[in-house]
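Start from chain A and add chain B with the ligands according to the hints.
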Amino acid sequence: MQNLANQILKQDIRAIARSISLIENETDISQKEALIDTLHPHCGNAIVWGITGPPGAGKSSLLDRFIEHLRQSNKKVAVIAVDPSSPFSGGAILGDRLRMQKHATDDGVFIRSMASRGHLGGVAGATADAIKVFDAAGFDYVIIETIGVGQTEIEVMELSDIVLLVLVPGLGDEIQAMKAGVMEIGDIFIINKKDLDGADRLKSEIEYVLSLKDSMESASNHSICMTSATQNDGIGDALAQIHSYFSSLHDDGRLAQKRKERIEKELKHIATTKIMASANRFLNIDQRLNDWVEEVFQKKASPYKLLNKKIGEFLQELNWQ
Amino acid sequence: MTKKIRILIAKPGLDGHDRGAKYVARALKDAGYEVIYTGIRQTPDAIVKTAIQEDVDFIGLSLLSGAHNELFPKVVDLLKLKNADDIIIFGGGVIPESDIPGLKEKGIRAVFTPGTPIKDIIAYIESAK
Ligand code: B12
Ligand SMILES: Nc1nc2c(ncn2[C@@H]2O[C@H](COP(=O)(O)OP(=O)(O)O)[C@@H](O)[C@H]2O)c(=O)[nH]1
Ligand SMILES: [Mg+2]
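Taken in order, these protein sequences are the chains called A and B.
Just so you know, the numbering used here puts 281 at position 281 of the first sequence, and the rest follows in order with no gaps.
Just so you know, the numbering used here puts 41 at position 41 of the second sequence, and the rest follows in order with no gaps.
The shape of chain A in the complex, shown without the other chains (with noise of 0.2 angstroms):
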């Protein structure tokens, strides 16, 4: 593990790319374990940018061009591509590295294409690791592509520095939808497809719903830019608000908070999922629940009494009570 851990640190690239499917596959989870608390310490350097919009909005094709302008600055790059996995097969297409394929022999440039695999909130169960991989491997930006967008979708604001939220004209009433839930998660909007009619409308649509917004909460200010991708237009102006709302988010010190919060939700969601799993484990419920489905159904037991029972044993067993 120290070894692997080691490689990473020297930016090996097959090393990086081999710890990321051992997080993903999950089949050793105490290595995967021991290898992120190895890197803990090395990590925090990266800038963490999440992108998100619905599906065909531009994500990939903006990426594509903000990498292209990263590395005129000379600064290393990863990327993280989520796409759903079929709920059927349990496959995937991963397509999104297409549209970044001019990237794919320049050593500063890594894409890793991910599959959701099940996994609710627009991005992988393992995307929360995989960026510590690299962020200790000394990229300078981590930028998170996810699925797409809805009401639930939204676990990247979870995970990144920055939200962008990437929307064209054309959504029709898809925009009055999301006003509600999706509209929050956006630090900077991008009305991509500039070059397509209706962009203009959009953007003083977003403009009233955010203004609606800010009057309610004033520590809020969102900067909104126009680009086009496949035209290569408002590309840099976009950078550059990206860059200073990321300056601002140091300054103030709510980047700081930010990746407290971060920490906090990790933290919790750690303790959760063990505890669930011990739990699982002393109770034995894969074996059991078929002998409580039947004294449930046969009213020998009823379900509060009877789990609170099992779960009363658990934790005195663990000297919780």
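Possibly wrong hints are sitting among the right ones.
What the hints assert, rightly or not - Derived CB-CB ranges, DEER-like:
(1) B:Lys104 with A:Asp28: 27 to 37 angstroms
(2) B:Asp77 with A:Asp251: 45 to 55 angstroms
(3) B:Pro114 with A:Asp28: 40 to 50 angstroms
(4) B:Lys119 with A:Asp28: 29 to 39 angstroms
Claimed, not checked - Here are the simulated BS3-like pairs of lysine-lysine, each with C-alpha atoms no more than 30 angstroms apart in a straight line:
(5) B:Lys80 with A:Lys102
(6) A:Lys32 with B:Lys82
(7) A:Lys310 with A:Lys268
(8) A:Lys268 with B:Lys4
(9) A:Lys10 with B:Lys74
By construction, these hints were calculated from the structure, which means they are not laboratory data.
Where is the CB? At the ideal position from N, CA and C, for every residue including glycine.
This is chain B with the ligands only, laid out in the frame that chain A set:
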């Protein structure tokens, strides 16, 4: 959790025939594999670097233009050069029967020509993984 098989489907060279590659990619997804598709016009270098970053188990090359004898072995050689020849390379497309033994000798482990049923391709992957 168990390990997922990851497969890169790639089209080297200038060949624009992408129907077969897309068809195979989709069918392999439906068979439960994670398929990375990078589109047409990939250099052998881009294919190899992509395969390593994506930590794939297989690279499936697709070529209908006739340049397979030149391009397929290039991918094999580059992969060796990068110490990544544990990744299995196979391929398909319009490839004359008479070229197949030569390709296999150069390290292309299996070749599938037009009309191949997808179940043969899956059977191959399952036997080789
Ligand atoms: C449709 C077609 C086109 C379409 C392509 C559309 C597209 N986006 O794909 C169009 C009209 C654009 C086209 C153009 C040309 N074509 Co054309 N085209 C065909 C045709 C009729 C069918 C190909 C096809 O789509 N088949 C259906 C798919 C599903 O089958 P497949 O690709 O073979 O895939 C199967 C297997 O091969 C295998 N497979 C394929 N890839 C992979 C990968 C892996 C990993 C695995 C496991 C399996 C596998 O599995 C699949 C399922 O069984 C073939 C003739 C033929 N019968 O093959 C000619 C053919 C391929 N074309 C040919 C030529 C010459 C051209 C042009 C140069 C013509 C010209 N002079 O302009 C151009 C070049 C275009 C370019 N940029 O490269 C020649 C190639 C000659 C050669 N190899 O020596 C062919 C063979 C026709 C011929 N007999 O002359 N073409
Ligand atoms: N007209 C126009 N099309 C674009 C623009 N950006 C991306 N596209 C196209 O929109 C489609 C989806 O782009 P993609 O980057 O894959 O979107 P994603 O699903 O959000 O990652 C592709 O066909 C792109 O070529 C743009 O600025 N203008
Ligand atoms: Mg995309």
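These are the hints, each one checked on the structure:
{"no.": "1", "hint": "B:Lys104 with A:Asp28: 27 to 37 angstroms", "in the structure": "35 angstroms, holds"}
{"no.": "2", "hint": "B:Asp77 with A:Asp251: 45 to 55 angstroms", "in the structure": "51 angstroms, holds"}
{"no.": "3", "hint": "B:Pro114 with A:Asp28: 40 to 50 angstroms", "in the structure": "42 angstroms, holds"}
{"no.": "4", "hint": "B:Lys119 with A:Asp28: 29 to 39 angstroms", "in the structure": "32 angstroms, holds"}
{"no.": "5", "hint": "B:Lys80 with A:Lys102", "in the structure": "23 angstroms, holds"}
{"no.": "6", "hint": "A:Lys32 with B:Lys82", "in the structure": "25 angstroms, holds"}
{"no.": "7", "hint": "A:Lys310 with A:Lys268", "in the structure": "24 angstroms, holds"}
{"no.": "8", "hint": "A:Lys268 with B:Lys4", "in the structure": "28 angstroms, holds"}
{"no.": "9", "hint": "A:Lys10 with B:Lys74", "in the structure": "28 angstroms, holds"}
Taken one by one, the earlier hints all hold for this structure without exception.
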